[in-house]
Amino acid sequence: MEEHTVDVAIIGAGTTGLAAAGAAQEYDVSIAMIEGGQYGTTCARVGCMPSKLLIAAAEAAEGIRKAPAFGVEAEAPRIDGRAVMHRVQSERDRFVSFHNLESIER
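Heads up, the sequence shown is in the UniProt record's numbering, so the first residue is 1 and it goes up one at a time.
Just so you know, the hints here were simulated from the structure itself, not pulled from any lab data. Note that the structure is predicted; figures quoted are calculated from it, not measured. Don't be surprised by glycine CBs; every beta carbon is placed ideally from N, CA and C. One thing to keep in mind: the hints can contain errors.
The calculated lysine to aspartate or glutamate pairs, modelled on EDC-like cross-linking and capped at a C-alpha distance of 20 Å, are [claimed, not checked]:
no.	residue 1	residue 2
1	K52	D80
2	K52	E91
3	K52	E62
Computed spacing ranges between beta-carbons, pair by pair [claimed, not checked]:
no.	residue 1	residue 2	range
4	D80	G12	33 to 41 Å
5	G14	Q89	14 to 22 Å
6	A23	A69	45 to 53 Å
7	A32	E75	47 to 55 Å
8	K66	E35	40 to 48 Å
9	D93	A58	18 to 26 Å
10	E73	A9	55 to 63 Å
Work out the full structure: start from the sequences and follow the hints.
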């Protein structure tokens, strides 16, 4: 097994691990994040965060549909499912991403 020396070792890439890594990245230190699975919380990857972004897209379309009641004329909304999912995925990736971290596979 290869040995690595780092300034900060973080066990787990869930909510607390993500916060710890973000805080450590503000300093000039080397960081090791130890995680057996995917980085990020279940909420961020597949749970409440993606669903809230989908709900926000639906609410935006609904707001456009109801605009005439407020004297605002707008064309009927057209939902681009691919664009909605691209935003969901990019926001998820932004939330659980790490910059300047090197991956060491065992």
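Subject >> Outcome for the supplied range 45 to 53 Å, where the beta carbon pair is A23 and A69 >> reply: 47 Å, holds
Original post:
Is the straight-line distance between the alpha-carbon of K52 and that of E91 20 Å or less?
Top reply: Status holds; Cα separation ~11 Å.
Subject >> Assessment of proposed distance window 18 to 26 Å (beta carbons of D93, A58) >> reply: 22 Å, holds
Subject >> Pairwise beta carbon distance, D80 to G12, judged against the given window 33 to 41 Å >> reply: The hinted range 33 to 41 Å holds for D80 and G12, with Cβ atoms some 36 Å apart.
Original post:
Honestly, do G14 and Q89 meet the 14 to 22 Å range at C-beta?
Top reply: With Cβ atoms ~20 Å apart, the hint holds.
**OP:** Mind checking the alpha carbons of K52 and E62 for me, to see if they're no more than 20 Å apart?
**Re:** Roughly 15 Å separates the two Cα atoms, so the pair holds.
**OP:** Take the C-beta atom of A32 and the C-beta atom of E75, compute their distance, and say whether it sits inside 47 to 55 Å.
**Re:** 52 Å, holds
Original post:
How does the Cβ-Cβ distance of E73 and A9 compare with 55 to 63 Å: does it lie in that range?
Top reply: 58 Å, holds
Original post:
Do the Cβ positions of K66 and E35 conform to the proposed distance bound of 40 to 48 Å?
Top reply: Taking Cβ atoms as reference, K66 and E35 lie about 44 Å apart, which means the hint holds.
Original post:
Straight-line Cα separation of K52 and D80 no greater than 20 Å?
Top reply: This hinted pair holds, its Cα atoms lying about 17 Å apart.
The structure agrees with every numbered hint stated previously.
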